[in-house]
Amino acid sequence: MTKFKANLPIYLQVSDLLAERIIRGNYPPNAKVPSVRELAEELTTNPRTIQNALKELIDAGVLITHRGQGNFVTDDRAKIIQLKQQRIQKKTADYLDSLQPFLTWKEILLAVKSEIIKRKENEKCQHKD
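Numbering (the UniProt record's numbering), first residue to last: 1 to 129.
No wet-lab data here; the hints were simulated from the structure.
Remember, it's a predicted structure, so these values are computed and weren't measured experimentally.
Take these hints with a grain of salt, some might be off.
Claimed, not checked - Straight-line alpha carbon distances no greater than 20 Å define the calculated EDC-like cross-link-like pairs of lysine to aspartate or glutamate that follow: (1) K3 x E41; (2) K79 x D59; (3) K91 x E56; (4) K32 x D76; (5) K5 x E56; (6) K3 x E38; (7) K55 x E38; (8) K79 x E56; (9) K32 x E20; (10) K5 x E107; (11) K118 x E107; (12) K5 x D76; (13) K84 x D59; (14) K84 x E56; (15) K106 x D94; (16) K55 x D76; (17) K84 x D94; (18) K55 x E20; (19) K79 x D16; (20) K79 x E20; (21) K3 x E42; (22) K90 x D75.
Working from the sequences, and respecting the hints, build out all of it.
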């Protein structure tokens, strides 16, 4: 069961969830996404909420509706890349906003740099094994 946050409209959270599935390839280009009813059952939410979430992705050009057949992921890879970039920018901005009250910009940059170096070293160790 999916847990939704109280501080953000559920339809936006559902839209984010579906966008993530598209970006990760769970719903590849030209794939049919589950129906409103199927998604409502899976996510235990109102079908109207699902419709609103799908509309967000349709308006963004990521989903295409074929009347009588359902909604399909676009085959326009540029749209999917754009969606991914928008999500990266939003998550980065949200993360920086959460750190800014506690750290200076310099401290944030040093922390991010340190974390990147640590992760790269871990990747090198994993590839050696």
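The hints, checked one at a time:
no. : hint        : in the structure
1   : K3 x E41    : holds (14 Å)
2   : K79 x D59   : holds (11 Å)
3   : K91 x E56   : holds (18 Å)
4   : K32 x D76   : holds (15 Å)
5   : K5 x E56    : holds (18 Å)
6   : K3 x E38    : holds (17 Å)
7   : K55 x E38   : holds (16 Å)
8   : K79 x E56   : holds (13 Å)
9   : K32 x E20   : holds (15 Å)
10  : K5 x E107   : violated (29 Å)
11  : K118 x E107 : holds (16 Å)
12  : K5 x D76    : violated (31 Å)
13  : K84 x D59   : holds (16 Å)
14  : K84 x E56   : holds (15 Å)
15  : K106 x D94  : holds (17 Å)
16  : K55 x D76   : holds (18 Å)
17  : K84 x D94   : holds (15 Å)
18  : K55 x E20   : holds (16 Å)
19  : K79 x D16   : holds (15 Å)
20  : K79 x E20   : holds (13 Å)
21  : K3 x E42    : holds (12 Å)
22  : K90 x D75   : violated (24 Å)
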